[in-house]
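Chemist: Sequences listed follow chains A and B, in order. First residue of the first sequence: 567, per the working numbering; consecutive thereafter. First residue of the second sequence: 567, per the working numbering; consecutive thereafter.
Worth flagging that the hints you see were computed from the coordinates, not collected in a lab. One should not assume that every hint holds.
For chains that are exact copies, the list does not tell them apart, and a pair is met inside one copy or across any two.
Claimed, not checked - With a Cα cut of at most 27 angstroms, we get these calculated DSSO-like pairs of lysine-lysine:
1) K681 with K693
2) K980 with K681
3) K761 with K597
4) K980 with K952
5) K597 with K906
6) K826 with K937
7) K1057 with K906
8) K693 with K980
9) K761 with K825
10) K1017 with K906
11) K1044 with K976
12) K983 with K693
13) K853 with K825
14) K983 with K597
15) K1044 with K597
16) K597 with K693
17) K937 with K853
18) K853 with K826
19) K976 with K937
Bear in mind that the values here come from a model prediction, so they are computed numbers and not experimental data.
There are 2 protein chains.
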Amino acid sequence: MTQEGRLERLTGMLRRRGFLLPAFEIHGGAKGFYDFGPVGGRMRSRINQRWLDHWLELGNVVELSCPTITPFAVLEASGHVGEFSDFMTQCNACGEASRADTLLENHHPNPDALKRDELETLLHDVKPSCPACGAQNWSDVSAQNLMFNTSIGAGDSGRPGFLRPETAQGMFTSFNALFRHFRERLPFGAMQVGKGYRNEIAPRQGMIRLREFNMAELEYFIDPEAPLDDDLSSWDSVPLTLISEGNETASMTLSAACKKELIRHSTVARFMGITHNFLVDVGIDPKRIRFRQHEQDEMAHYAVDCWDAEIEGSYGWVECVGIAHRGCYDLQSHEEATGKTLRARREFDEPRTTEIDGWTINGATAGPAFKARAGQVKEAVEDLPKSTAFPYELTLAGGDVVVVEPEHVKANRKSIKETGEWYLPHVIEPAFGIDRIIWHVIDHAYQETEKNGEPYTMMGLSPSIVPVDFAVFPLFEKDGMDDMARQVHQKLCRTAGVVSMYDGTGSIGRRYARADEIGVPLCITVDHQSLEDGTVTVRNRDSGEQHRTNPESLA
Amino acid sequence: MTQEGRLERLTGMLRRRGFLLPAFEIHGGAKGFYDFGPVGGRMRSRINQRWLDHWLELGNVVELSCPTITPFAVLEASGHVGEFSDFMTQCNACGEASRADTLLENHHPNPDALKRDELETLLHDVKPSCPACGAQNWSDVSAQNLMFNTSIGAGDSGRPGFLRPETAQGMFTSFNALFRHFRERLPFGAMQVGKGYRNEIAPRQGMIRLREFNMAELEYFIDPEAPLDDDLSSWDSVPLTLISEGNETASMTLSAACKKELIRHSTVARFMGITHNFLVDVGIDPKRIRFRQHEQDEMAHYAVDCWDAEIEGSYGWVECVGIAHRGCYDLQSHEEATGKTLRARREFDEPRTTEIDGWTINGATAGPAFKARAGQVKEAVEDLPKSTAFPYELTLAGGDVVVVEPEHVKANRKSIKETGEWYLPHVIEPAFGIDRIIWHVIDHAYQETEKNGEPYTMMGLSPSIVPVDFAVFPLFEKDGMDDMARQVHQKLCRTAGVVSMYDGTGSIGRRYARADEIGVPLCITVDHQSLEDGTVTVRNRDSGEQHRTNPESLA
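Please construct the entire structure, taking both the sequences and the accompanying hints into account.
Modeler: Take a look at the structure:
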């Protein structure tokens, strides 16, 4: 088979066999929404579970589950209310909404870096055709927030809320519960597998750009002063393809990339390694994985470093994972918005003594003089240098000016001994787009070959994430072969974690083909000999080899 | 400890230890939303997985995953747009919204059975106090739809949608994909574990009435003509508490209840048995489970039978599972709304022959006479009895009347042989409220005792769903005991499905107490002897017994 039309044949098969189907299709469908069907549903669960298992190995990571509906205040603090938007324009002829940058892809090298007015000028200049109706008449460009909004509560007491654009915020707001759980010792992490939402202006590319998606994120909290001593030796024989800032591509080990300071934090490097392990474990071809560093202007202003894992498939190279060193941005934002403390404590090796030599207020005189503002005055006076001369005009936080006379103050000389300090932890965040990964697992596993001159398709899925572990066939549905096959099938189904499928119709060759198409690793056939000696034929998907065995030995 | 205050102590502990925490608390919180924290998150995953495993044992059930955002048309077809509402009133003093029936609980035996105007009359008559401000001045009563609404897509091209109130609809609309997957043979089922949403007017009772909840549903499609031959013998020694319609309580086996026709379908009975098994498996006290049949007037009009599994706990008896025989209502509703077919085929034992003796059109004359409407005329003429006399005034589906002359028709006599027929399957639906079940698992496991004269709490959780399998302690964090304890811990963490927790601070007694409080079944201590001979002490949560073993033998 040629590559031409492969994507169409693959998506047709996925639909026909129940891997992935456009959602709500009998009701006319809805762009950007997919169902994981009778085959795909189990595969999704298994890949989620493998992801959790990989990170649980760290030994200091726990799983959370937070609501998807999120109040306005939380996403205002995180910056999503203000920043999470795309530039939109609408066709004046048919009303269809489009992303302005997408329309201009052939007219500018990097349209998504343009500002609103630049996009608008270029759009009205170029007049691209509407993808829906072909007209060339566009509205002005406006920023469209990409969060789905809703209202929490009924009637006038309803409060604005959104569907979360990422799972991360619930983990930041849970910081204090995590800190307590880990007995106040960093580093530690929280992870969450669940739905994320993005009200795309114009979804496209199947599973790559969905409005409701499965994501998996880990927020790993670290002390920014801790040594960069992550052990990277287990990847010393696994050079990875790294495209560092400035577009230099190299095949390099993680240790080497850290030594060269291409990767700026050893935990980022370690998480790139774990990401690579996970992707290969679920079946991604390691030759089609690369890590690309964000350019400075592509990175959020607070980010220290960010690497994407990109996977190559039918849509080219697609970003599937982002591993970002986010500094203290997230915890600090929630602290500032709420006035609550989200900090960890660092003990000094030796207690530290600070000598204070300055001024403070004389309560007996300053109290009556400044009344309710005495506390504010005290705080401001204690910040003044020793050299200050009184009377002194002091500007308070609210802007008021008070005159502090010599009799209001006295010398303040003392030493303060501190055994440690509170600080804002930094966060390293690996964020995985599970749907995109599932898509590429399928894309890499899908094999189009020939058998007896006919096209033949096979899914070479990794046994750790196959949707169905065993297919059980009676050679014929008679003479007790069907009963025995059903017994073998039922026994497999009673084994936790094992999925078996019974198939009694069509020729055995046709049933093998159906099982191969969805990647079943082992097919079990009950035949005449089974009725005599209790053995069954087991046929291996990849080698095609068959052998007889006792069905008790299978699961 | 007395029972008094137990609920407050339990919820305080759940929060402190990271089982369940009110969500978004640093931002002021949001009623009806909970976080599963560092301990509860894993427990939730495990209970979900146990649920899937129990139903997978049936051998003909698959897992799906459908979007939570659902277009208007789908939920209009299901009846939720029209019917899914509570009666609301607002306090005219403070604006707080309340459920009218809840306000009238002490003034009527069954206020949730009242109609809108009855509620309104009673409300204005009784004038209950506002739970928020105490005023007694209520607005009129209105039906408030309980779905969270949103808009899919940007700008004017946005379409109305809702967050799903149940997972079920995605499984009904997937019927044809399921039918194909199961090689067109009923019975089969689809199940889904995921979020459901209900914009409660006034959430209360902690985890019992949430706005965003975890649910697990199975839609099991059956042929209504298939024999009622489910095997119930495995429950013949397990009498269940059944409260049948009319409030008669009996302790009875499922077989007996089917024989007496208290339970109207053997598959409903089997699913009640599986539900009982699941609940006991995850740790619900079997003495605190009962099954209550819906009264005729409590049941949806289309339902054939419905049994709730109720669990007794701190909030009294609470409905946690509903097992409903829904007839063909759901598939039929989607058929009617979409014009698409959602049917299964039943083959007859013997082909059936139908003799036709009537009329059809004569194409040569009727074609030119009726033009585009000839097809409609043909269909209507074929429905006329043999005795019809022509000319005949025929009323077409659209209301038009045409006159059919004798020359437009000819006799139609033939026999049609059919080998089977298409029919609407019936559905049996077990629907589980996972949060309510988790709440009761915790409630039943929570034990308040004393140790050395001090209050002592213990979670006697079933090992199959504990949040943490092992706690590993170094006796002291020095002399290499900490290193060895970390090695033991790391090795356990690398075992898929196992969660271990390292705890190095405080006395060993204190650490045992902390582990007991969250239900860790086994605590492992590394002490001086461990450094010499490599063995560790393993202490059992329930018996308190300790023995020494090689850590390799643990997982």
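Chemist: Indicate which option fits the pair K681, K693 if close means a Cα-Cα distance not exceeding 27 angstroms: within, between, both or neither.
Modeler: within (18 angstroms within a copy, 58 angstroms between copies)
Chemist: Pop the pair K980 and K952 into one bin, within, between, both or neither, using alpha-carbon distances up to 27 angstroms.
Modeler: Classified as within: same-chain Cα gap 13 angstroms, cross-chain 115 angstroms, threshold 27 angstroms.
Chemist: When no copy is named, should K853 and K826 be tagged within, between, both, or neither for a Cα gap of at most 27 angstroms?
Modeler: So K853 and K826 pass the 27 angstroms test inside one copy only (23 angstroms; across, 66 angstroms).
Chemist: Cα distance capped at 27 angstroms. Does K826 pair with K937 within a copy, between copies, both, or neither?
Modeler: Neither: 60 angstroms inside a chain and 82 angstroms across chains, both beyond 27 angstroms.
Chemist: Given identical chains, is K980 near K681, meaning Cα to Cα at most 27 angstroms, within a copy, between copies, both, or neither?
Modeler: neither (55 angstroms within a copy, 74 angstroms between copies)
Chemist: First find the shortest C-alpha distance between K976 and K937 inside one copy, then the shortest across copies, and answer within, between, both or neither for a cut-off of 27 angstroms.
Modeler: Within one copy only: 18 angstroms inside, 108 angstroms across.
Chemist: Given identical chains, is K597 near K906, meaning Cα to Cα at most 27 angstroms, within a copy, between copies, both, or neither?
Modeler: So K597 and K906 pass the 27 angstroms test across copies only (20 angstroms; inside, 41 angstroms).
Chemist: Between K1057 and K906, at a C-alpha cutoff of 27 angstroms, which is it: within one copy, between copies, both, or neither?
Modeler: neither (55 angstroms within a copy, 37 angstroms between copies)
Chemist: Regarding K983 and K693, is the shortest C-alpha distance of 27 angstroms or less found within a copy, between copies, in both, or in neither?
Modeler: neither (69 angstroms within a copy, 63 angstroms between copies)
Chemist: Please sort K853 with K825 into within, between, both or neither, judging by C-alpha distance up to 27 angstroms.
Modeler: Only inside one copy: K853 and K825 sit 24 angstroms apart there, 64 angstroms across copies, limit 27 angstroms.
Chemist: Treating 27 angstroms as the Cα threshold, decide for K761 and K825: within, between, both or neither.
Modeler: Neither: 37 angstroms inside a copy, 45 angstroms across copies.
Chemist: Regarding K1044 and K976, is the shortest C-alpha distance of 27 angstroms or less found within a copy, between copies, in both, or in neither?
Modeler: Intra 103 angstroms, inter 49 angstroms, cutoff 27 angstroms: neither.
Checked against the numbered hints given earlier, the structure breaks hints 2, 6, 7, 8, 9, 10, 11, 12, 14, 15, 17 and satisfies all the rest.
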